[in-house]
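Novice: Below are the chains, spelled out letter by letter.
2 protein chains.
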Amino acid sequence: MNATRRNLGFIGLGIMGAPMAGHLLAAGHRLEVHTRTKSKAVALLDQGATWCGTPADVAAGAEVVFTMVTDTPDVEQVLFGGGGIVTAARSGLIIVDTSTISPQATRDFSARLAQHGVALLDAPVTGGDIGARNATLTIMVGGDTAAFEQARPVLELMGKKIVHVGASGAGQMLKACNQILCALNILGVSEALALAESSGIALETVIDVLGGGAGGSWALANYGPRIARGDYAPGFMIRLQQKDLRIVQEAAQAAAIALPGTALAQQLFRAVESLTGGGDLGTQAMMKAVRQLSNRPPPANDAPRGA
Amino acid sequence: MNATRRNLGFIGLGIMGAPMAGHLLAAGHRLEVHTRTKSKAVALLDQGATWCGTPADVAAGAEVVFTMVTDTPDVEQVLFGGGGIVTAARSGLIIVDTSTISPQATRDFSARLAQHGVALLDAPVTGGDIGARNATLTIMVGGDTAAFEQARPVLELMGKKIVHVGASGAGQMLKACNQILCALNILGVSEALALAESSGIALETVIDVLGGGAGGSWALANYGPRIARGDYAPGFMIRLQQKDLRIVQEAAQAAAIALPGTALAQQLFRAVESLTGGGDLGTQAMMKAVRQLSNRPPPANDAPRGA
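As they're listed, the protein sequences go chains A and B. Quick note on numbering: the numbering used here labels position 35 of the first sequence as 68, and the sequence is numbered without any gaps. Quick note on numbering: the numbering used here labels position 265 of the second sequence as 298, and the sequence is numbered without any gaps.
Just chain A, same shape as in the assembly (with noise of 0.2 Å):
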């Protein structure tokens, strides 16, 4: 199957949605797409992607339909709103939705989409834009497994790790308990960074020394030297991983799973989001929010932006 030219559409073409998109092109399939902002559209037009005026247009065309979009209500517009894929499904039509939504939304979706004789894979990715742009991203995905399997050579194009986690929902839960992982991996490499800046001890010393034994993590060795030069560029927006908290707080809530930790990082990324400009600071800037509490200053080096 890998080697038959297929029929693809891609909707969102953000800075995951457009490099995702350009792989699928770069393999020789033909491509039609949709974005809200039609000149996020251009480079992949250039290189041959069909231009559409509406989801709907898209779906029309096409065997496996990609959306990449924010927000639980982005992907409910884009499959039943005005113009909406449901208007032009046809039985058969695959759906593969890698945006980071609510997983009980998505059965709901999904539930909805099957009276169509529509399949919805949910397969939300971890890798950032670094991952999309080198298609090494990592696709969690749940739903039907004919579906799945006819959706993964098309997939593995894009990442390098594609995994079928289970029933519709299953890859958005497996996304939540990413995002669990990364707010308190970062909650921990602030509160231990604050405790060794207040000590005079070099943070730089803190990563190298304790970056490869028991409290070693990604958000040690990858974001404990972006604050310590001070760097708060967003690889991952807080305003996203807040986005992203709420609905892992959404599906606790529907499983009755107290998560206090989580909680906790949720509010303290609450008053990053309190700066000017705060939300848009990579979720390294959680540091901000550790001085914040103890009223210390930001070192000298710290960039301005949030400060």
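Just so you know, these hints were derived from the structure itself, not from any lab. Check before you lean on any hint, since a few could be wrong.
Same chains, same label: a pair holds when it works inside one copy or across any pair of copies.
What the hints assert, rightly or not - List of simulated lysine to aspartate or glutamate pairs, EDC-like, C-alpha gap at most 16 Å:
1. LYS276 with GLU306
2. LYS276 with ASP313
3. LYS193 with ASP241
4. LYS194 with GLU182
5. LYS194 with ASP241
None of these values were measured; they are calculated from a predicted model.
Start from chain A and add chain B according to the hints.
Specialist: Below, chain B without anything else, positioned relative to chain A:
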């Protein structure tokens, strides 16, 4: 200096101290030892160590004396109590305290010993009993630079990463930072696995799929599989982690640094301590507290201890 046979002492031959002392003997140094329970010294005495009835007796004949005991009062007793090191102190003696204790108390002890011409290096370790046995510990040293340089060749017999962090207490402060990281990383692992469990996602899938990404940590890779198979045997016991977190909060209080995440982790470890034998479980038993909080029963494969 490494090639020279030196007169060394070791006080505290528990699960960490005994193998550490063994490396000194194995390297050909003369070793005098003392520990509360003499039976713990038998293997070392068989290998050629000399028994001393008191810490003072150990100090009388040694250039460098190592201590590896549990808590701040234990170190104080070994240094300044009846039969303590200071009663036999001669100028030039170097004491290397590898215990994890209070940074502030360390600075106080160091100042008191300096009046006798005795140098105290704080040198807490990470790497656990496996690191102690394999001489792969990370050793974080605070105190006088000249004393550090004299002790370094011997420290290199016990660890693979020996770092002079700064003045007296700096080694303990860096160890405190490590314990913050460990506490919050295992909290993240526990909350993520609890949410996964509630939605029927296999914990092994969480560990496999998320471990290599931005949510990855030593805790997820090492404690995750133990939680998945219901294994709460201690790598590091909760009651020792709690002792260390008390030290962290004392140090943070002295520095006026609020550590809300660390405080939450302490409370959840306390919830595990409320179970019979809970304090003797490994820190991965944080998972029990997170389950308990939402009134979820332990899975069938959970080991009965502390359940």
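Novice: Any of the earlier hints contradicted here, and which numbers?
Specialist: The structure breaks none of the hints.
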